[in-house]
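Peer 1: If you want the building blocks of each chain, they are given just below.
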Amino acid sequence: MKQKNLELAVGLFVALGLAAFFMLALKVSDLTSLGDDKGYRVAAHFENIGGLKARAPVTLGGVRIGRVVDIGLDPHSYEAVVTMSIDPRYDQLPTDSSASILTSGLLGEQYVGLEPGGMDSTLKDGGTIKLTQSALVLEKLIGRVFTNMASGDSTPPKTP
Amino acid sequence: MMALLAELGRFVLDRLARLGRANLFLLQLLRALSFLFGRPGLLVKQLHAVGVLSLPIILVSGLFVGMVLGLQGYANLVDFGATSSLGTVVALSLIRELGPVLTALLYAGRAGSALTAEIGLMRATEQLASMQMMAVDPFPRVLAPRFLAGCIAVPLLTGIFTATGILGGYLVAVVQLGVDGGSFWAQMQAKVQLFADVANGVLIKSAVFGLVANWIALFEGYQAEPTSEGVSLATTRTVVDTSLAVLGLDFLLTALMFGEW
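Respectively, the protein sequence lines represent chains A and B. Following the working numbering, the numbering of the first sequence begins with 216 at its first residue and continues without gaps. Following the working numbering, the numbering of the second sequence begins with 1049 at its first residue and continues without gaps.
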């Protein structure tokens, strides 16, 4: 009887440990989203992707419809090629849809935002989005502000 | 001056010899493990002693650590309006660092010291010697079951600690402080990766810590001076050495797993 209780307690302990691992795998790290990559692939060329990372969300009208699966560089045009996997439920995207790299909030992560176009033909697996807008790079923005200021008033201030 | 140098040399040589003995001891332990295939009953008894009986302290500490993380994270994140990433903060700190390290430290205090005292007393009362007199090798019968049980128990306890901690963070953040429950889990799922975070942190780290903690505990017990002072000294040394080894190894493992160079 004593041995039986012992075995029961150990069995419970092991089961509890495995249950904890299952919770960590399924509830915490969302294993479910890893497996079902049945979306169709669409590529987009960007001049500059800023801080975009693989697995970043792809949204349309704020709704998440896919994610970035791969980021590469086109060796001929030196443009960044962002490959996205889009949920097959949303297979009615017009071919002249545009993609831009946006930032969620002031300090948030970067994501790809799509804007639907007006054409009748739809994007297929392996298609390319032609109209793209690069990420805003803060340094370039500041640089442009300074150039505008310098060209705005031709006489530089006397005191440095 | 010469005496001082000789003292230093003796100290270093002693330490080196001790390290060598510890490694030989580990080899003997590993060789003795195969014996357990025939005697699983021995393993179950030790799993109960080091695993099941450590559960209360692991559950309670995990819950409170998670709750404190939730409170502190909330207090800091609320200034930036970023309380929705509280789930990520709690889960990542628990999975990557706090879960494995705190479990190993608690295990060293709760089970490691007991192992050392048990083996040390067996030695002091010459039980190990009498086993050898009867041509019974104490390694497979006494030491290997304790070692393997500890190596199994520590990863399981780490998983339980981490899961309880996340539930504790959920209790404080969502139930008490009113963070949105949906974004708590969604942000966590978006940021925590199964292989990079959970497998590296909870599984690999805790397996290494479990091996080291049990190795040190059994070795200290086996090497203990067969007196009451010797056993007490060995028990103290187990807790101190295990804590230092775990914290040092944690830095190394973190640098290997999550450092980018």
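Think of the hints as simulated: they come from the structure by calculation, not from any bench. In this text, all values refer to a predicted model and were calculated from it rather than measured experimentally. A virtual CB, placed ideally from N, CA and C, is assigned to each residue, including glycine. Please note: incorrect hints may appear among the correct ones.
Far from chain A, some chain B residues (derived; all Cβ distances over 12 Å) [as the list claims (entries may be wrong)]:
1. F1059
2. R1066
3. F1073
4. L1091
5. F1112
6. L1153
7. A1162
8. A1197
9. L1205
10. T1212
11. Q1237
12. G1249
13. V1250
14. A1293
15. F1306
Below 20 Å or equal to it, Euclidean Cα-Cα: the simulated DMTMM-like pairs (lysine to aspartate or glutamate) are [stated by the list, open to error]:
16. K1239(B) <-> E330(A)
17. K268(A) <-> E294(A)
18. K242(A) <-> E1055(B)
19. K242(A) <-> D1062(B)
20. K1239(B) <-> D306(A)
21. K345(A) <-> D306(A)
22. K1093(B) <-> E324(A)
Here are some of the chain A residues that sit facing chain B, going by a computed Cβ distance under 7 Å [what the hints assert, rightly or not]:
23. L221
24. E222
25. A224
26. V225
27. F228
28. A230
29. F237
30. M238
31. L239
32. V243
33. S244
34. L275
35. G276
Peer 1: For every hint, state whether the structure bears it out.
Peer 2: Hint by hint, here is what the structure shows:
no.: 1; hint: F1059; result: holds (42 Å)
no.: 2; hint: R1066; result: holds (34 Å)
no.: 3; hint: F1073; result: holds (26 Å)
no.: 4; hint: L1091; result: violated (9 Å)
no.: 5; hint: F1112; result: holds (17 Å)
no.: 6; hint: L1153; result: holds (18 Å)
no.: 7; hint: A1162; result: holds (17 Å)
no.: 8; hint: A1197; result: violated (9 Å)
no.: 9; hint: L1205; result: violated (7 Å)
no.: 10; hint: T1212; result: violated (8 Å)
no.: 11; hint: Q1237; result: violated (3 Å)
no.: 12; hint: G1249; result: violated (9 Å)
no.: 13; hint: V1250; result: violated (6 Å)
no.: 14; hint: A1293; result: holds (23 Å)
no.: 15; hint: F1306; result: holds (15 Å)
no.: 16; hint: K1239(B) <-> E330(A); result: violated (26 Å)
no.: 17; hint: K268(A) <-> E294(A); result: holds (16 Å)
no.: 18; hint: K242(A) <-> E1055(B); result: violated (57 Å)
no.: 19; hint: K242(A) <-> D1062(B); result: violated (50 Å)
no.: 20; hint: K1239(B) <-> D306(A); result: violated (27 Å)
no.: 21; hint: K345(A) <-> D306(A); result: holds (17 Å)
no.: 22; hint: K1093(B) <-> E324(A); result: violated (50 Å)
no.: 23; hint: L221; result: holds (5 Å)
no.: 24; hint: E222; result: holds (6 Å)
no.: 25; hint: A224; result: holds (5 Å)
no.: 26; hint: V225; result: holds (5 Å)
no.: 27; hint: F228; result: holds (5 Å)
no.: 28; hint: A230; result: violated (10 Å)
no.: 29; hint: F237; result: violated (9 Å)
no.: 30; hint: M238; result: holds (5 Å)
no.: 31; hint: L239; result: holds (5 Å)
no.: 32; hint: V243; result: holds (5 Å)
no.: 33; hint: S244; result: holds (4 Å)
no.: 34; hint: L275; result: violated (18 Å)
no.: 35; hint: G276; result: violated (18 Å)
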